[in-house]
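Student: The primary structure of each chain is shown beneath.
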Amino acid sequence: MIQEGFLTVFSDPLTLIFIALGTIIGIIFGAIPGLTATMAIVIFLPFTYPMLATQGISTLTALYIGGISGGLISAILLNIPGTPSSVATCFDGRPMAQKGQGAKALGVAVVFSFIGTFIGIMCLMVLAPLLASVAIKFGPFEYCALSVFALSLVVTLAGKDMIKGLMSAVLGCMIATVGLAPLDSKPRFTFGNFNLNTGFKLLPVLIGIFAITEVMNYASEVNKQKKFEVDEVEIKGFGFTFQEFTGQIKNAFVSAMVGLGIGILPGIGGSVSNVLSYTVSKNTSKHPEKYGTGIIDGIVASETANNATIGGAMIPLLALGIPGDGTSAMLMGGFLIHGISVGPLIFEKSGSIVYGIFFAMLLSAFLMAVFMLLGMKWFIKILKVPKNYLLSIVVTLCVIGAIGDSNLLFDAWGVFGFGLMAYLMNKAGFSMTPLILGFLLGETVEVNLRRVSQLISTTSPFSRPLFLVFTLATISVLGYSVYGALSRHITIKSKEKREK
Amino acid sequence: MLKRHAISRKVTGALVVATMAMSLAACGGSGTNGNTNTAGNEAGNTAESQQGGAAAQAETEAAVPAVDWTGKTINFYVTHSAGGDTDYYARLVAQNLEKQLNCNVVVTNVTGSNGAVCMSQYKDVPNEDGLNFICTNAGSMACNEASGITDFGYEAFEPVAVYGKQANQNIIVRADAPYNSFQEFVDFTSAQEHAGELNLGISTGGVAYFLTMVMEDYGCDFNIIDIGDNAERITSLLGGGCDATIVTYSLVKDYIEAGQLKTLCAIPKSNNEGNTLDVPSAADVIPNLIDDSVYACLAPKGTDPAYVQALNEAIQAATDTDEWKQTCNDYSYQSRYVLNVEDTIELLKAQRELVMSYSDLLQN
Chain G
0 MIQEGFLTVF SDPLTLIFIA LGTIIGIIFG AIPGLTATMA IVIFLPFTYP MLATQGISTL
60 TALYIGGISG GLISAILLNI PGTPSSVATC FDGRPMAQKG QGAKALGVAV VFSFIGTFIG
120 IMCLMVLAPL LASVAIKFGP FEYCALSVFA LSLVVTLAGK DMIKGLMSAV LGCMIATVGL
180 APLDSKPRFT FGNFNLNTGF KLLPVLIGIF AITEVMNYAS EVNKQKKFEV DEVEIKGFGF
240 TFQEFTGQIK NAFVSAMVGL GIGILPGIGG SVSNVLSYTV SKNTSKHPEK YGTGIIDGIV
300 ASETANNATI GGAMIPLLAL GIPGDGTSAM LMGGFLIHGI SVGPLIFEKS GSIVYGIFFA
360 MLLSAFLMAV FMLLGMKWFI KILKVPKNYL LSIVVTLCVI GAIGDSNLLF DAWGVFGFGL
420 MAYLMNKAGF SMTPLILGFL LGETVEVNLR RVSQLISTTS PFSRPLFLVF TLATISVLGY
480 SVYGALSRHI TIKSKEKREK
Chain C
20 MLKRHAISRK VTGALVVATM AMSLAACGGS GTNGNTNTAG NEAGNTAESQ QGGAAAQAET
80 EAAVPAVDWT GKTINFYVTH SAGGDTDYYA RLVAQNLEKQ LNCNVVVTNV TGSNGAVCMS
140 QYKDVPNEDG LNFICTNAGS MACNEASGIT DFGYEAFEPV AVYGKQANQN IIVRADAPYN
200 SFQEFVDFTS AQEHAGELNL GISTGGVAYF LTMVMEDYGC DFNIIDIGDN AERITSLLGG
260 GCDATIVTYS LVKDYIEAGQ LKTLCAIPKS NNEGNTLDVP SAADVIPNLI DDSVYACLAP
320 KGTDPAYVQA LNEAIQAATD TDEWKQTCND YSYQSRYVLN VEDTIELLKA QRELVMSYSD
380 LLQN
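First to last, the sequence lines map onto chains G and C.
Going by our numbering, the first residue of the first sequence is number 0, and it counts up by one from there.
Going by our numbering, the first residue of the second sequence is number 20, and it counts up by one from there.
Keep in mind the hints are simulated off the structure, nothing from the lab.
Don't be surprised by glycine CBs; every beta carbon is placed ideally from N, CA and C.
Be aware that a few hints might be false.
What the hints assert, rightly or not - Sample of chain G residues lacking proximity to chain C, with all beta carbon distances greater than 12 angstroms (derived):
1) T37
2) L44
3) D160
4) L335
To be verified - Partner residues aside, some chain G positions facing chain C, computed with beta carbon under 7 angstroms:
5) V133
6) I135
7) P322
8) G342
9) F346
10) N406
11) R450
Make the full structure from the sequences, and use the hints.
Tutor: What follows is the structure, given as structure tokens:
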């Protein structure tokens, strides 16, 4: 079966061409802020209807892999994440690019994207049924506790000003409540505008926060421009040393596991994994204070995780017939249309096709790395384009992307609204990352909390061990942070006293 | 979370619970004959009205535009996202129409609020050239109105055609459940000692909610929990989060084959003719447990009836192929189901009335 699968991909030149094209188009969609991997799949899904099953689905997974990976380019070079999956890549990617280490940042990001994808696909190939059985154990109790736990990690993302960080996170959760309420579909904060019934979509929010802010920051400094020269960097090999690589193995492994975990759990969007992994990496690092200043650890955490999420999201999709996020829901549509029923019998019924898809994914991951490493020389030239030209094109593309998400002009206004909000909040010293995490997780918390309230009459939370584990973890994180803050406070106070 | 609800739209949008007494059987596959409500186009491919009694038609003869889409671009605005059933059927129709009319049909998904965003946006769009149409599923449209998400229904549009039926919903339980038939299931939950004991996982406000109400009305007593969309319902059922649920058969057929889940019954249509799924009907036990939902093409209000009529005929002709029939069977366990304009309006009207009668329930 495995051999047959291998042959369906590698003996058919047309499939190989589709995979290569899919990967390249995916990278382009990923790299252009405003266009996402999901969008690439949405647009090309109908084109795969007439293809053979393996061709069609391989093309879609190639778009997925390319799309998730391509986002790193604009994240590093422009400080605007190309897709929601590369938000955290900006945090250290941009400072590195500013230090003239753009090529190194790209090299690291590409290589670890490949590693992340590879680990994800390997787990998918070997452990899919096992991991899928874990995913089933997650009900409303577990999702609720897990997302509260993830939100509690905001404390560490909040930076120096914890109060502002928490305010930002709460604001994110509040923005997520706009639209039809979960469960009872009552409109909230829509002011009678039907466009708001769906709530604010992730894309306009992210584009506003990153792209518009970046443009406005540039605009405010355009007159006091220092000449920002990019040195002609010779890219040797991957751009980083072997020592640097080995130093990241543990970080990459942990990040891949975070990414994989988020991917496996249907119900937590794939866009969360990079920010969460960055947070975990920062928390477990020996030098958390260096995060955000331009170290490769941050890039490794974000890029390994978001790519590992691909394999992770495919696990419940294939083994259970349950899509983990919007992108995999599209893929599931692709499977159904090609007559492959995803679920427990997929290996028995369509084994050779599934293995074919695995090989196609591996090939696509490999091609992604090759194309991106070859392209690095050109990508880096983006920095040489005068920003007044570059950014106006970027804004145009962003707005097109935001509209294209659900073909609504209204979302363009969302982009500018959130851009203005983020710009002002930045000026006031608020960090945007907690807001994004709050926005991403707010809905999950709310939906599951309300479901728990329906279940609690028949189910005891103490009968749900995973719920207890996550709750305890949340308490520990919060307790530890409060303890840390208090002890710092006491030290400072006693120092002041002594100085007096 | 970007499009986490992509699949849920597929489900929630899907159904209408109806107890339609009307007989649609005669219209099911009746082809292109018998259109009586508008004048034909210039090519003369509309049958001359056989029953001149239709009063409405007299006026339309004066201003009949030449209906010729050759080389033009028709827009189909689909209310739900790509990958789901509403989109799939719309695209199939579009592909077939391109061949039939020798034109381009561009499909655009305008998504959000179970289709309400698209409907609100395009219901009054100017359509003098007859190039803009909306593709949706009638269940979503009726449910949105009944639940107050929109304040309009099918009457805000010029209905063009119904071109397909929704796949079957089944009541599914785990394979080791003590009941083996829908009758046993109903008896179990109706028994005093099991009152409120079974967790039934559905989504509140969706069509599954209607079905649940019909069952409760009959005497069943569930603990109703909101689980979410099809995918989440399957997860929950497998993981023990609920004891029974209502989902589309094709999504669980492998679980049934693998011996993990079993189906107790299929929720039938009021006109169940052409259904190829071999599962006992729920209506044998609870006669009102019926679900009708269809895929429909609508034109913005004010579109010239000649365009509506011409497109309807084109859709009827374009879908009259073996390939189309095969697809309906593979994808939805249904035979071809395409209606003329009159029957389309009649069906939408009947659906709306029935769903609106549950309006109070839906809004609470």
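Student: Each hint: holds or not?
Tutor: Verification of the supplied hints:
The claim that G/T37 is not at the interface with chain C is violated, since a C-beta of that chain comes within 12 angstroms of its own (minimum 6 angstroms). Some Cβ of chain C comes within 12 angstroms of the Cβ of G/L44; the nearest lies about 5 angstroms off, and the non-interface call is violated. Every Cβ of chain C is farther than 12 angstroms from the Cβ of G/D160; the closest lies at roughly 27 angstroms, confirming the non-interface assignment. A beta-carbon of chain C is positioned within 12 angstroms of the beta-carbon of G/L335; the least distance is around 8 angstroms.
At a threshold of 7 angstroms, the smallest CB-CB gap from G/V133 to chain C is about 10 angstroms, leaving the interface hint violated. A cut of 7 angstroms between beta carbons decides the hint on G/I135: the least distance to chain C is about 4 angstroms, and the hint holds. The beta carbon of G/P322 comes within 6 angstroms of a beta carbon in chain C, closer than 7 angstroms, and the hint placing it at the interface holds. For G/G342, the interface hint holds, since its Cβ comes within 7 angstroms of a Cβ in chain C; the closest pair sits about 4 angstroms apart.
Taking 7 angstroms as the C-beta cut-off, the interface hint given for G/F346 is violated, the closest approach to chain C being about 11 angstroms. A least Cβ separation of about 5 angstroms between G/N406 and chain C falls short of the 7 angstroms threshold, and the interface hint therefore holds. The restraint placing G/R450 at the interface with chain C holds, with a minimum CB-CB distance near 6 angstroms, inside the 7 angstroms limit.
When each numbered hint is compared with the structure, violations occur for hints 1, 2, 4, 5, 9.
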